[in-house]
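These protein sequence lines map, in sequence, to chains E and F.
Under my numbering, residues 11 to 116 are what the first sequence spells out, in order.
Under my numbering, residues 120 to 230 are what the second sequence spells out, in order.
Where hints are given, some of them may not hold.
As the list claims (entries may be wrong) - Below are the SDA-like pairs computed for lysine to any residue, each with C-alpha atoms no more than 25 Å apart in a straight line:
hint: 1; chain 1: E; residue 1: K63; chain 2: F; residue 2: G215
hint: 2; chain 1: F; residue 1: K190; chain 2: E; residue 2: G52
hint: 3; chain 1: F; residue 1: K176; chain 2: E; residue 2: S36
hint: 4; chain 1: E; residue 1: K78; chain 2: F; residue 2: G177
hint: 5; chain 1: F; residue 1: K176; chain 2: F; residue 2: L197
hint: 6; chain 1: F; residue 1: K176; chain 2: E; residue 2: A108
hint: 7; chain 1: E; residue 1: K63; chain 2: E; residue 2: G26
hint: 8; chain 1: F; residue 1: K184; chain 2: F; residue 2: S201
hint: 9; chain 1: E; residue 1: K65; chain 2: F; residue 2: Q122
hint: 10; chain 1: E; residue 1: K65; chain 2: F; residue 2: A121
hint: 11; chain 1: E; residue 1: K78; chain 2: E; residue 2: R111
hint: 12; chain 1: E; residue 1: K78; chain 2: F; residue 2: P218
hint: 13; chain 1: F; residue 1: K176; chain 2: E; residue 2: E13
hint: 14; chain 1: F; residue 1: K176; chain 2: E; residue 2: S55
hint: 15; chain 1: F; residue 1: K184; chain 2: E; residue 2: V102
hint: 16; chain 1: F; residue 1: K190; chain 2: F; residue 2: D223
hint: 17; chain 1: F; residue 1: K190; chain 2: F; residue 2: T141
hint: 18; chain 1: F; residue 1: K176; chain 2: E; residue 2: F101
hint: 19; chain 1: F; residue 1: K190; chain 2: E; residue 2: V102
hint: 20; chain 1: F; residue 1: K190; chain 2: E; residue 2: S40
hint: 21; chain 1: E; residue 1: K65; chain 2: F; residue 2: S201
hint: 22; chain 1: F; residue 1: K184; chain 2: E; residue 2: G51
hint: 23; chain 1: E; residue 1: K65; chain 2: F; residue 2: I196
hint: 24; chain 1: E; residue 1: K115; chain 2: E; residue 2: S36
hint: 25; chain 1: E; residue 1: K65; chain 2: F; residue 2: L197
hint: 26; chain 1: F; residue 1: K184; chain 2: F; residue 2: I196
Claimed, not checked - What follows is a list of derived Cβ distance ranges for each label pair:
hint: 27; chain 1: F; residue 1: E189; chain 2: E; residue 2: T30; range: 39 to 49 Å
hint: 28; chain 1: F; residue 1: A121; chain 2: E; residue 2: T113; range: 38 to 48 Å
hint: 29; chain 1: E; residue 1: I75; chain 2: F; residue 2: N147; range: 44 to 54 Å
hint: 30; chain 1: F; residue 1: T132; chain 2: E; residue 2: K64; range: 17 to 27 Å
hint: 31; chain 1: F; residue 1: K184; chain 2: E; residue 2: T85; range: 17 to 27 Å
hint: 32; chain 1: F; residue 1: L230; chain 2: E; residue 2: G52; range: 17 to 27 Å
hint: 33; chain 1: F; residue 1: N170; chain 2: E; residue 2: S61; range: 44 to 54 Å
hint: 34; chain 1: E; residue 1: P89; chain 2: F; residue 2: E181; range: 35 to 45 Å
hint: 35; chain 1: F; residue 1: L207; chain 2: E; residue 2: P89; range: 17 to 27 Å
hint: 36; chain 1: E; residue 1: R111; chain 2: F; residue 2: A121; range: 24 to 34 Å
hint: 37; chain 1: E; residue 1: T30; chain 2: F; residue 2: Q122; range: 38 to 48 Å
It is worth saying that the hints were derived from the structure and are not from the lab.
For clarity, every value in this text was computed on a predicted model and none was experimentally measured.
In this text, a Cβ means the ideal position worked out from N, Cα and C, and glycines have one as well.
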Amino acid sequence: KNEVEQSPQNLTAQEGEFITINCSYSVGISALHWLQQHPGGGIVSLFMLSSGKKKHGRLIATINIQEKHSSLHITASHPRDSAVYICAVSFVDMRFGAGTRLTVKP
Amino acid sequence: EAQVTQNPRYLITVTGKKLTVTCSQNMNHEYMSWYRQDPGLGLRQIYYSMNVEVTDKGDVPEGYKVSRKEKRNFPLILESPSPNQTSLYFCATGGGDLPQHFGDGTRLSIL
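With the sequences and hints as input, model every part of the structure.
Structure follows, in structure tokens:
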């Protein structure tokens, strides 16, 4: 069993839909990171969380430390949100989920 | 502007020929990492460094070396590359309880 599990693996949505990607982890962490990787490979950090909730534009990330679970929400999705979203947890080292491939259709 | 610069971006080489992928950052971050990304396996940490002269193994360190002689640079060294090291490599700062900044990646093919 992976230490970091993401769901779903693939997600297709229509433009405007509300999207949720989930991440569960089984190890102790100091922080959880949400990353975005567009086709072509570059990786961008969206959020780093150690508690509660963060919001940036249409993106919201939450974490429940007791349940070892985090969610990434995208409101009013747009085709430019199409990317792979990766959950990662850190203590001293970094452990990654397998990623969620999101496709938003116009 | 915060930058992590990797070189080269692309490299095709042959088995056994030593190579170095350089990584440089301008953010004065203490924590730096190297990752490899493979289809179906995702991102995996190779080595990380929490400060100058302090390095530690990640998940997949076999066949790699690193050094951290100064804060801004963290080169990845493949002493005797093999085809199973063909991959997409990323250098990054941050991690731990700091946000991460990634380099643009190095696509390495070993024939």
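Status of each hint after checking the structure:
At roughly 18 Å between alpha-carbon atoms, K63 of chain E and G215 of chain F fall within 25 Å of each other, so this suggested pair holds. The suggested pairing of K190 of chain F with G52 of chain E holds, with an alpha-carbon distance near 23 Å, which does not exceed 25 Å. Our distance criterion of 25 Å between C-alpha atoms is met by K176 of chain F and S36 of chain E, whose separation comes to about 21 Å. Of the pairs offered as hints, the one joining K78 of chain E and G177 of chain F holds, with about 22 Å between alpha carbons and a cut-off of 25 Å not exceeded.
Between the alpha carbons of K176 of chain F and L197 of chain F the distance comes to roughly 15 Å, so the proposed pair stays at or under 25 Å and holds. Between K176 of chain F and A108 of chain E the CA atoms are separated by roughly 21 Å; this keeps the pair inside 25 Å, and the hint holds. At roughly 22 Å between alpha-carbon atoms, K63 of chain E and G26 of chain E fall within 25 Å of each other, so this suggested pair holds. At most 25 Å may separate the alpha-carbon atoms for a hinted pair to count; K184 of chain F and S201 of chain F meet this at roughly 14 Å.
Only pairs whose Cα atoms come within 25 Å are accepted, and K65 of chain E paired with Q122 of chain F is accepted, the gap being roughly 24 Å. For the hint pairing K65 of chain E with A121 of chain F, the CA-to-CA distance comes to about 22 Å; that is within 25 Å, so the pair holds. With a CA separation close to 22 Å, the supplied pair K78 of chain E and R111 of chain E stays within the 25 Å bound. In summary, the hint linking K78 of chain E to P218 of chain F is supported, as the alpha carbons are separated by about 19 Å, within the 25 Å threshold.
Of the pairs offered as hints, the one joining K176 of chain F and E13 of chain E holds, with about 18 Å between alpha carbons and a cut-off of 25 Å not exceeded. Between K176 of chain F and S55 of chain E the alpha-carbon distance is near 23 Å, which keeps this suggested pair within the 25 Å criterion. A hinted pair counts as satisfied when its Cα atoms are at most 25 Å apart, and K184 of chain F with V102 of chain E qualifies at roughly 19 Å. Taken as a hint, the K190 of chain F and D223 of chain F pair is honoured in the structure, with Cα atoms around 19 Å apart against an allowance of 25 Å.
Proximity of K190 of chain F to T141 of chain F is assessed by CA-CA distance (about 13 Å); at most 25 Å being required, the pair is judged to hold. Restraint check for K176 of chain F and F101 of chain E: satisfied, since their Cα atoms lie roughly 14 Å apart, inside the 25 Å limit. Distance hint between K190 of chain F and V102 of chain E is fulfilled; the C-alpha atoms sit about 18 Å from each other, no more than 25 Å. With a C-alpha separation of about 23 Å, the suggested pair K190 of chain F and S40 of chain E falls inside the 25 Å cut-off, and the hint holds.
For the proposed pair K65 of chain E and S201 of chain F, the alpha carbon gap of about 44 Å is over 25 Å, so the pair is violated. Proximity of K184 of chain F to G51 of chain E is assessed by CA-CA distance (about 24 Å); at most 25 Å being required, the pair is judged to hold. Restraint check: the Cα-Cα separation between K65 of chain E and I196 of chain F comes to about 39 Å, which exceeds 25 Å; the hinted pair is violated. For the suggested pair K115 of chain E and S36 of chain E, the alpha carbons sit about 34 Å apart, so the restraint of at most 25 Å is broken.
Note on K65 of chain E and L197 of chain F: the hinted pairing is violated, with a Cα-Cα distance of about 40 Å set against a maximum of 25 Å. Distance check on the hinted pair: K184 of chain F and I196 of chain F sit about 5 Å apart at the alpha-carbon level, within 25 Å; holds. The supplied range of 39 to 49 Å is met by E189 of chain F and T30 of chain E, whose beta-carbon atoms lie about 43 Å from each other. Evaluation of the 38 to 48 Å hint for A121 of chain F and T113 of chain E yields a failure: the beta carbon distance comes to about 30 Å.
The hinted window of 44 to 54 Å between I75 of chain E and N147 of chain F is violated, with their beta carbons roughly 30 Å apart. Evaluation of the 17 to 27 Å hint for T132 of chain F and K64 of chain E yields a failure: the beta carbon distance comes to about 42 Å. For the hinted restraint 17 to 27 Å between K184 of chain F and T85 of chain E, the CB-CB distance of approximately 45 Å leaves it violated. The supplied range of 17 to 27 Å is met by L230 of chain F and G52 of chain E, whose beta-carbon atoms lie about 26 Å from each other.
With their beta carbons about 26 Å apart, N170 of chain F and S61 of chain E fall outside the hinted range of 44 to 54 Å. Checked against the hint of 35 to 45 Å, the C-beta distance between P89 of chain E and E181 of chain F comes to roughly 41 Å, which is consistent with it. Between L207 of chain F and P89 of chain E the beta carbon distance is about 24 Å. The supplied range of 17 to 27 Å therefore holds. R111 of chain E and A121 of chain F have their C-beta atoms about 27 Å apart, which keeps the hinted 24 to 34 Å range intact.
Checked against the hint of 38 to 48 Å, the C-beta distance between T30 of chain E and Q122 of chain F comes to roughly 33 Å, which is inconsistent with it.
Violated hints for the displayed structure, listed by number in ascending order: 21, 23, 24, 25, 28, 29, 30, 31, 33, 37.
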